[in-house]
Every structure is written in C-alpha cells, then in structure tokens.
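Protein chains: 2
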Amino acid sequence: MNATPTVTVIGDGQLARMMHTEAIELGVNLRLLAGARDSSAGQVIADVVLGDYRNLDDLRKVAEGVVTFDHEHVPTEHLHALIDDGIAVHPGPEALVNAQDKLVMREKLQEIGAPVPPFAGIQSVADADAFWDSVDGEVCLKATRGGYDGHGVWFPKSKEELEGLVEKLLGENVPLMGEQKVPFVRELSALVARRPSGEVRPWRVVESVQRDGICVEAIAPAPGMDAGLADYCQSLAVKIADELGVTGVLAVELFEYLDEDGMPQVAVNELAMRPHNTGHWTQDGCVTSQFEQHLRAVQDWPLGDVDQTAPVTVMANVLGGDEDPELPMAQRVREVMERYPQVKVHLYGKTYRAGRKIGHVNVSGQSVVKTREIARSAAHFLVTAQWL
Amino acid sequence: MNATPTVTVIGDGQLARMMHTEAIELGVNLRLLAGARDSSAGQVIADVVLGDYRNLDDLRKVAEGVVTFDHEHVPTEHLHALIDDGIAVHPGPEALVNAQDKLVMREKLQEIGAPVPPFAGIQSVADADAFWDSVDGEVCLKATRGGYDGHGVWFPKSKEELEGLVEKLLGENVPLMGEQKVPFVRELSALVARRPSGEVRPWRVVESVQRDGICVEAIAPAPGMDAGLADYCQSLAVKIADELGVTGVLAVELFEYLDEDGMPQVAVNELAMRPHNTGHWTQDGCVTSQFEQHLRAVQDWPLGDVDQTAPVTVMANVLGGDEDPELPMAQRVREVMERYPQVKVHLYGKTYRAGRKIGHVNVSGQSVVKTREIARSAAHFLVTAQWL
Ligand SMILES: Nc1ncnc2c1ncn2[C@@H]1O[C@H](COP(=O)(O)OP(=O)(O)O)[C@@H](O)[C@H]1O
Ligand SMILES: Nc1ncnc2c1ncn2[C@@H]1O[C@H](COP(=O)(O)OP(=O)(O)O)[C@@H](O)[C@H]1O
Ligand SMILES: [Mg+2]
Ligand SMILES: [Mg+2]
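Residue numbers (our numbering), protein chains in the order written: chain X, 1 to 388; chain F, 389 to 776.
Same shape as in the complex, but just chain X (with noise of 0.2 angstroms):
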C-alpha cells in the first residue's frame, strides 16, 4: 500500500499556493477549498473542491486528511465539528483561536508569561476613557477580530478622537480592545515550526519592515540583534508554540523597544497559525521553506533543517500601487531578472489592485544593505514598472 498522503487547505490564497509548490515535492496530494477556480491557489492546483469555508457541509465535503489552512477565517463551531467527525485538524480550534482574537491572545499571553503591553477589552466609551488615563494617551485601538494589514488598527491622537472612534465602532458591531502604543524601534518576527507531537524548530529571529500596517520587507536574520534577546525571541516562540497547543507554522510579531536603561527587549505584537508573510525568505535562504515545514508539522512528520544557505536573505513584498502599469506584469518580471540574475521573483496570479499582495521577491547574499537594495528595487519595479 502506497497510498498518497493527503492534506487539506481551507483558503485559496497565496500562502495555499506556495504550499502546493512544496506538496508536489514532498508527493502529497494537496485538496484545496477554493472560493473561486481562478483563485490564487485554485489556478495551480487540480485536487479543488469549489465552496465556502464557513458553510460546514464543504467542509465536510473537502476534508481529507489532514485539514489546515490558508487563513485564520474559519469558525470554531466548524472546526470543533470536524473534529467530531474524526478528522485531524491542525491547527485545532483551541490554539487558533489565539490567532483569531486578539483579546484572547493577549490574556493568554499574560497567563504564561510572555511580555505583551498592558491592554484591556473595550465595551463602552467609558472603558475607553478609562484605558486612555491608565496608559496617558498612548493608545493603540484594535478590532480583536477580522483586522488584517494594519485595517483594524488606529492610533487616536485625542481622548475625543478616541471616543468618537470607539462609538462609531461599537455602533458597527466591532469587538475592540485598547493596548498600550509601544514606541518600538523596529519589528521582528520569530516564527517556529511545532508538530502535534511536541518536536519544534525556530527559524532564525527576522527583522520585518512594515509600512502602514503592512509588511514590506523581511530581513533574515535580523541586522545588528543582541544575541542573548535573539535567543529569547526564538525561546519565547517555542515557549508559546508549546503552551497553545499550536501545530505548524507559527508566527509571532514582536516589537523591539527600549526599555529605561535604553537595553533592546521585546513585546509580542500579535500571532499568525500558518505560514506567514515574514517567513517567505525561506523558500530561498533556507534549508527547509516554511510550507514544506508547514506541511510536515501538520502531519506529524519530523521536522526540517532550517539552516539559512545564505549569510542574508531579504523578501520585499510586491504591493500593487495606484496604478498598473502599461507595461504588462511578464515585461516587467523579464525586466528585473536581466537587470538581477540572482532575484527570486514569487507571484500569486492575482491581478493588480492599491495595496494587494500581488507577489515578493527573494535575494540572498552578502551585505544586508546590497541585498536589501537589489530587493527593494526590483520589487518597486514589478509594482511601477520605474527604477527607484
């Protein structure tokens, strides 16, 4: 008996994409629950079933395998349901819920331990006020679900503005919650691999340059970090991979700060369950990529070197701009590659639209500041179709 392995992903995006690109390696068969046939994944990959993964019957119907996903979307009561039916789930509802609200994972956090800023749930324009005194105005106001690429967060300059923010919200039915604004110097991001059976590997600690909410680049291994705060970072990652529960890839942002006697510490931002955006560099820079790592994890099977093959490797993120160009997306990409033998272009097969993760690109080298600018300046011409 050979029968071939099977997982299934809920989500069409990229991140179901790049691991369909790693399953075909590895001879697992890769299901996928796609919205849409011409779907980022759904393009590429021929084991899909068409559905809606909040609609328990195509979940039912697609699950094979071992379940898992491209996002964080789908309902617990779904998830807990399949599990019922005695399908694996990975992660299983009672880690990701942590990745799901943001409430939930900060008191989590606060339980075992971890460094998070001082936060609290807002119900009522009061309890924002309240919050407003206790941290003096240094507010960070989230939506504790549904946030993505910095939508779902906003910094009130006033008390005023605040209020005036959270009765409008809490009028809509958002779930909020307040967080200290931490004044950090930059983010990183530590993401681990954990199996459901305990063996967990970190990757090396990776700075993760953001714009307006969105990640732009990621540089791995982070530039100039303490070597004792980059151990803890990666301890930390293990640490909160172990007492969620989580199995496969988990991302967690953290904030780099400092604190009074002006050393370098850190606090956690927030957690992704599956492959994430920071970790993309991987696929190029190291021994094992995050979705081949993602796909083993979830499968119990053993982990993966995760030896970088390169002193650095930056990923710059391709975001769409106001506009496309006219000079058509394979131009450009053909463009890049005479200019720079060594880029590593990704696309997702989206079309173009202001601020959407249409692709990245990898570039390992030497220098972090010679790499990161070949990075950045073929990713600004995927997106412009100009030279910086």
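Calculated directly from the structure, the hints in this document are not laboratory data. Keep in mind that this is a model prediction, so the values were computed, not measured. Be a bit skeptical, because a hint or two may be false.
Unchecked claim - Beyond 10 angstroms from chain X on every Cβ pair, some chain F residues (computed):
| id | residue |
| --- | --- |
| 1 | A469 |
| 2 | Q488 |
| 3 | T532 |
Unchecked claim - Quick list of in silico lysine to aspartate or glutamate cross-link-like pairs, EDC-like style, CA-CA up to 20 angstroms:
| id | chain 1 | residue 1 | chain 2 | residue 2 |
| --- | --- | --- | --- | --- |
| 4 | X | K239 | X | E270 |
| 5 | X | K370 | F | D695 |
| 6 | F | K758 | X | D307 |
| 7 | F | K758 | X | D305 |
Note that CB positions come from ideal geometry on N, CA and C, so glycine has one too.
Model the placement of chain F with the ligands on the given structure of chain X, informed by the hints.
Then chain F with the ligands, alone, in the frame of chain X:
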C-alpha cells in the same frame, strides 16, 4: 493587461511535474498534454489536456504560449506543423533531432569538432563486422532511437555475439550504430541553458554515477576535477548549445577517460534537451534550478544565477527495487526525515516498479564523502525500508 504567460509542456512525467513547481512561483501558467490524469505531472497540475503526443490534433489542441517537452519523443513532422501554425516550439525540431537520434548527433558533433568516440551506422551484419575490426572489438552497440536508461545499449563480448544481436535487432527494425567502447574512469554531465536570443549559462560540471545504464547519483560539483578540464566541459556544452541552436536546458553527458599520457580527457556520450536527471541537485543546491531555468529559457526570459548555495550537493535517485516493501512510502519518508533533517525528499507520485525512477533526494553539505553517504542511505531506505 496582465495576461499570465503560458508554457505548454508535452509529456506527463516527473520533469513536467517539477517544472510546475517552478511555474507556480514564477506566475507562469503551465499547461500540460498528459496521457493520463493520474500520471506524475497530471496529478498535480490544474491546466491539463488529455491526449497523445503522437497525434497532431492533440498537439494543436493543447498548444498555447510556448511549447516545450518532458521527453524527446514527439515526431519531428508534428513539430514543424506546429511551427507552421505560428507556435513557438523550444527546443526546435532541428536541435531536438540530435537528442532523438544518436547517429545524427554523432555526425553533427563530429562536424562541429566536439570530441566523440569512433562510430559508424550499422545497416548490416557486414557493417557490424567491419566496425568490430576497426575498433579491435571494443564495441558498444546502440539503438540510434528510442533507448533510455540503458535500454538500447549492448556490449557484445565476441564478434559472434555482435553478429547475432545485429541480425536480431535489424530484423525487429531497430536502427543501429556502433561506437567504440570508451574505457572511461567516470561519467560527467555538463548542463547549460540557452535562450533563443542567445544567452547561455552553464552550471558547474557534475559527476554522474551510473549503475546498469541508469543514473543513480549526481555529485555537484564533480569531485577532484581538473580545473582546466572542468572549464573545457562547460565551454564545450556552451558551444554545442550554440552550434545546434538548442533552446531550454541542454544536458551533455560525457565520458572522462585517460589518454595515452595518462591525462584526463572527455568525449561526449549523448545529449538531452530538457531538464535532466543529473540536474535535479539544482533544486536544492543552486540559486536557479534547472526547472526554473528551462521555463525562463524557452520563454526567452533572462537566465538566472547558477551559483551553488553549498560546497557540495549530492542527488541520489530513488529507483524501484525488486519488491515494494510493506512499510508504506509515506512512513519511509518519515523515517528518513527523522534520521536526516537535512535531506530534501522529492517524490514523483508514481507507483513502485523495479528500476523505475520514483523520486530522488538532494543533500547539501561540506564534504563529498559524508554528503554522499547520507544521500545514498536515504535513497536506499526509501527503496528498501532498510538501513544500509
Ligand atoms: N500596540 C502597538 N503599538 C504600536 N504599534 C502597533 C501596536 N499594535 C500594532 N501596531 C502597528 O500596527 C501594525 C498592525 O497591527 P497588527 O495587530 O499586527 O494588525 P494586523 O492584524 O493588521 O497585522 C503592526 O505591525 C504595528 O506596526
Ligand atoms: N561508447 C560507450 N562506451 C562505454 N560505455 C558506454 C558507451 N555508450 C554508452 N555507455 C554506457 O551506457 C550508458 C547508457 O548509454 P546512453 O547512450 O547514454 O543511453 P541512454 O539513452 O539509455 O542513456 C552510459 O551512461 C554509459 O554508462
Ligand atoms: Mg500583524
Ligand atoms: Mg544516457
């Protein structure tokens, strides 16, 4: 306009399958002409047309964008017909015939001054006898067309054996040639990619370890190779690609032998015009894999860097043995991953059959001996479910 570029691949084996892996990331739509949906490539590709590569109507039905191949068996006249229809075919029929017919190839290589062993076409037993005498009985008899993995190659030990073989094969209409049997010390492989507009990039020369006419291992770069000879092999491969007008990946299989002065020399064995088994190591040991490079080359896109990402990378084939072990393949993969987290497993979705290529492993490392040991051990376990 952001129309997705399409590459149509004729042939549904593992080479097409591994091209899809790269096509996904490049944002290239890979369209496949497959004999069966459950073929190695047909299993994993979304855009599949079922049909027969020997049937011109099927070829016309599937052809979109640039047409390329997973094997060299498409009839030349059909390729000309497609070109007459206005379709780009890479490699083109004039080049490809040199990978289809070993006698045509030998004549062409001799014409351009590439080193080849003495050879002759064999149309009769008398031809065979004359050839036997001309090379002092050091005869390698070959089918000029249709051979693979050592099927179609014979080493007769006596003139009588040769005569018997030739009589039998000519009776079966097998077109034949004779070559001098080269007393090689090892086999090498020089891969290059070439674009229609002329750019050519050679990879490092690798050692190709054969057993019973089948490639079992490739070691990149070829260990202990004379630097001058390695350069010569690369420039020879470039010259062949240029002079034959090859587009896409070209593999030049070489014999390394010692001349009368005991100096290492090379002679060409045969050519393949597609990604080649001796180039699989590039998936995990090189900035640009042969599958990505092939897709770039056939579309006339700029070629990628061919730098190695590790001091040595060893590929070992997973070749079906006499019987399929009881332990399921997925379980064998787990055990290999458990023991060797650095091993990259590639499986083709094929059923087990004696001598059949069902997958390969790639391992990168510092030392040839150690890396080779791991690759062999892993491949052996995947075949036998036993540790060496
Ligand atoms: N407490 C905070 N203090 C300062 N900046 C923050 C805080 N929380 C979020 N941000 C900024 O907003 C970005 C998006 O917030 P995040 O909670 O990660 O939302 P999303 O789900 O959209 O990624 C972060 O990457 C960071 O740049
Ligand atoms: N002239 C020769 N002298 C010695 N060995 C040869 C010769 N030709 C082929 N061989 C051996 O047979 C193997 C298969 O021959 P080849 O022509 O490459 O056929 P195939 O198309 O099956 O790969 C070679 O890899 C080599 O080991
Ligand atoms: Mg975030
Ligand atoms: Mg051969």
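Here's how the hints hold up against the structure:
no., hint, verdict
1, A469, "holds (27 angstroms)"
2, Q488, "holds (28 angstroms)"
3, T532, "holds (35 angstroms)"
4, X:K239 <-> X:E270, "holds (15 angstroms)"
5, X:K370 <-> F:D695, "holds (18 angstroms)"
6, F:K758 <-> X:D307, "holds (18 angstroms)"
7, F:K758 <-> X:D305, "holds (17 angstroms)"
In the structure shown, no violation is registered for any of the earlier numbered hints.
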